[in-house]
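Q: Listed below, chain by chain, are the residues.
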Amino acid sequence: MTAITVEGLQKAYGPKAALDGLDLTVPQGAVHGVLGPNGAGKSTLVRILSTLLRPDSGRAEVAGYDVTAHPDEVRYRIGLLGQHAAVDEQLSGLQNLEMFGRLYHLGGKAARARAAELLEQFGLGETGRKAIAQYSGGMRRRLDLAASLIMAPKILFLDEPTTGLDPRGRTEVWQAVRSLVDGGTTVLLTTQYLEEADQLADRISVVDHGRVIADGTAAELKAELGGDRIDVVVHDAARLVAAAAVVGKAAKAPEYEIETDPDARRVSAPVADRIGALTETVQGLAAAGIEAEDIALRRPTLDEVFIHLTDGGPADTEEVRA
Amino acid sequence: MSLQTDATIPGKPARGSALTWAVVDGWTMTRRGFAHWARQPGPQIAGLLFSVMLLTVFYYLFGGGMTIEGGGDYKEFLIPGMLALTMAFGLETTMTELTQDLNKGVIDRFRSMPMARSAVLVGRSLTDMAQSVVGLLVLIGAGLAMGWRWHGSAGAALAAVGLLLLLRFAMLWLGIFLGLVAGRPEMVMAVQILVWPIGFLSSAITSPGMMPGWLGTIAEWNPMSATATAARDLFGNDLGATGGSWVVEHAVLMAAVWPVLLIAVFFPLAVRKYQRLSR
Numbered sequence: 001m002t003a004i005t006v007e008g009l010q011k012a013y014g015p016k017a018a019l020d021g022l023d024l025t026v027p028q029g030a031v032h033g034v035l036g037p038n039g040a041g042k043s044t045l046v047r048i049l050s051t052l053l054r055p056d057s058g059r060a061e062v063a064g065y066d067v068t069a070h071p072d073e074v075r076y077r078i079g080l081l082g083q084h085a086a087v088d089e090q091l092s093g094l095q096n097l098e099m100f101g102r103l104y105h106l107g108g109k110a111a112r113a114r115a116a117e118l119l120e121q122f123g124l125g126e127t128g129r130k131a132i133a134q135y136s137g138g139m140r141r142r143l144d145l146a147a148s149l150i151m152a153p154k155i156l157f158l159d160e161p162t163t164g165l166d167p168r169g170r171t172e173v174w175q176a177v178r179s180l181v182d183g184g185t186t187v188l189l190t191t192q193y194l195e196e197a198d199q200l201a202d203r204i205s206v207v208d209h210g211r212v213i214a215d216g217t218a219a220e221l222k223a224e225l226g227g228d229r230i231d232v233v234v235h236d237a238a239r240l241v242a243a244a245a246v247v248g249k250a251a252k253a254p255e256y257e258i259e260t261d262p263d264a265r266r267v268s269a270p271v272a273d274r275i276g277a278l279t280e281t282v283q284g285l286a287a288a289g290i291e292a293e294d295i296a297l298r299r300p301t302l303d304e305v306f307i308h309l310t311d312g313g314p315a316d317t318e319e320v321r322a
Numbered sequence: 001m002s003l004q005t006d007a008t009i010p011g012k013p014a015r016g017s018a019l020t021w022a023v024v025d026g027w028t029m030t031r032r033g034f035a036h037w038a039r040q041p042g043p044q045i046a047g048l049l050f051s052v053m054l055l056t057v058f059y060y061l062f063g064g065g066m067t068i069e070g071g072g073d074y075k076e077f078l079i080p081g082m083l084a085l086t087m088a089f090g091l092e093t094t095m096t097e098l099t100q101d102l103n104k105g106v107i108d109r110f111r112s113m114p115m116a117r118s119a120v121l122v123g124r125s126l127t128d129m130a131q132s133v134v135g136l137l138v139l140i141g142a143g144l145a146m147g148w149r150w151h152g153s154a155g156a157a158l159a160a161v162g163l164l165l166l167l168r169f170a171m172l173w174l175g176i177f178l179g180l181v182a183g184r185p186e187m188v189m190a191v192q193i194l195v196w197p198i199g200f201l202s203s204a205i206t207s208p209g210m211m212p213g214w215l216g217t218i219a220e221w222n223p224m225s226a227t228a229t230a231a232r233d234l235f236g237n238d239l240g241a242t243g244g245s246w247v248v249e250h251a252v253l254m255a256a257v258w259p260v261l262l263i264a265v266f267f268p269l270a271v272r273k274y275q276r277l278s279r
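So the sequence lines, in the order shown, correspond to chains A and B. In terms of full-length UniProt numbering, the first sequence opens at residue 1 and continues consecutively. In terms of full-length UniProt numbering, the second sequence opens at residue 1 and continues consecutively.
Incorrect hints may appear among the rest.
To spell it out: a stretch of chain A is covered by chain B in this simulated footprint if at least three of its residues, at any positions, have a beta carbon under 8 angstroms from a beta carbon of chain B; those stretches are [stated by the list, open to error]:
(1) 49–57
(2) 82–96
(3) 102–114
These are calculated hints, taken from the structure and not from any lab test. Don't be surprised by glycine CBs; every beta carbon is placed ideally from N, CA and C.
Assemble the whole structure, with the sequences as input and the hints as a guide.
A: Written out as structure tokens, the structure reads:
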């Protein structure tokens, strides 16, 4: 059973295409991460799926209903947590949740009861009567999430849910999301933070220029980079180029796969034979008289996957021209 | 934090006709506006005091130097004019409040919910109209305290109040339209500045007959002038010399025609613009 189906979705703002034929399938109960830089089309996707925006063409189904043909059926079944707190700042937490409950047509009594219950669940019971303007960023986000959950939606859209939050607020949101997922909610999460996608998502779609450029689990995406890498930090930045030659030879990696970072005095290269490459690197550096501060073998990070995937595409060339 | 206990979620929300929900949701949104007042009464009280202050400034400070054509009592002329001016300035309130709402995330929540599409605008209308009724009563009270009286029948006085509120209703939809078009608080600033010259280029506080000829004609045709003159007429107050121009002679008619015309133009434009937020 699929919760979200997206086929060939297109949306342009004037001449600028925000979505350019995006495809996506999310099975029920999954957490799907949509990862991409600013302007990749992530928010446009969420706004279309949550019925805020009409697509130019293509098809989007949420909970079995087409978002343009049956928006109200979709609206009863989704929760939306956008980039900015979507609550009425001038009202209290209780007033907000009761108002939203009424607008979901629960009736006054049920709306009040549900509001009180959600405030308790989100640890906002004591501050329920205070105006939101006096809430901290994390509290506001929690109330926002509570408002998204009034109907216990089957599908929840989280559009960069932790942008602008401190580490503690971020952890709070992550915990809440995990708890929801345990309860069977399908979550579509957009993020610029690779760590966030890695932490929360079962599968990740990497989006750039309005299209999915890679799709898979975090492990699969990392594997695309060719497995493990070796990192060497040299003592003297002047020896970095020499070190890169040694590491490249030891790792048997082609020259374009070797990355050097002068600021961190680091050379990084993909390796196939872990121990062989490590041994040869140590010996090679000693023979060339290069002093190393750190040598390590590691899995690639999602950051590297992302840079690898988005690097050198036609769009980047355009940006250089502009 | 456990989120599994959703004891109070009803199996299914109540179903009803679209019209029922338009009324219920519109009322929920109106209550939201009232809740804002209750939580932050300061700006509302300041707004009321401002209109009373404007009235006292014009009467006690400028009043001595004001001459109306025909030489009648300025108070008789001024107070209905101030009522019309206050209704017209309601445009600012509507535009400011709507723009603030549109620029906050909460509008996205409303639009992602299965509530009646009309509710946001219905709530805005009812809240603003209620505020204007209060504003009118306070200004009329202030006028009475200053010695102003109406001389006509109670029915005619009520008709005057009705025409004043009709002007406010027209300004409401103009304000909603401008708020949707401008979208940003900076644009509200421009309108806030422009309402003053446009407001004064009318018969609200001075006789157009005392202005340079062509300017006086524009002032006479200002929709606000029609309402001000009609209110003076219905309250049985001093009209000032009318100079026999057609639009002044037919002020009561024009006080109905102008707002209805404005509503006929800006109501559909505003609704269309609101529906197009999803484009």
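Q: Quick one: see if chain B covers the segment 49–57 of chain A, three-plus residues with Cβ-Cβ under 8 angstroms.
A: Since three or more residues must qualify, the claim that chain B covers the segment 49–57 of chain A holds, with 5 doing so at under 8 angstroms.
Q: Do three or more residues of the segment 82–96 of chain A come closer than 8 angstroms to chain B, measuring C-beta to C-beta?
A: It holds: at least three residues are needed, and the segment 82–96 of chain A offers 12 whose Cβ sits within less than 8 angstroms of chain B.
Q: At least three residues with a C-beta closer than 8 angstroms to a C-beta of chain B: is that true for the segment 102–114 of chain A?
A: This one holds; 9 residues, not fewer than the three required, reach chain B with a Cβ under 8 angstroms.
Every hint, counting from the list given before, is met by this structure.
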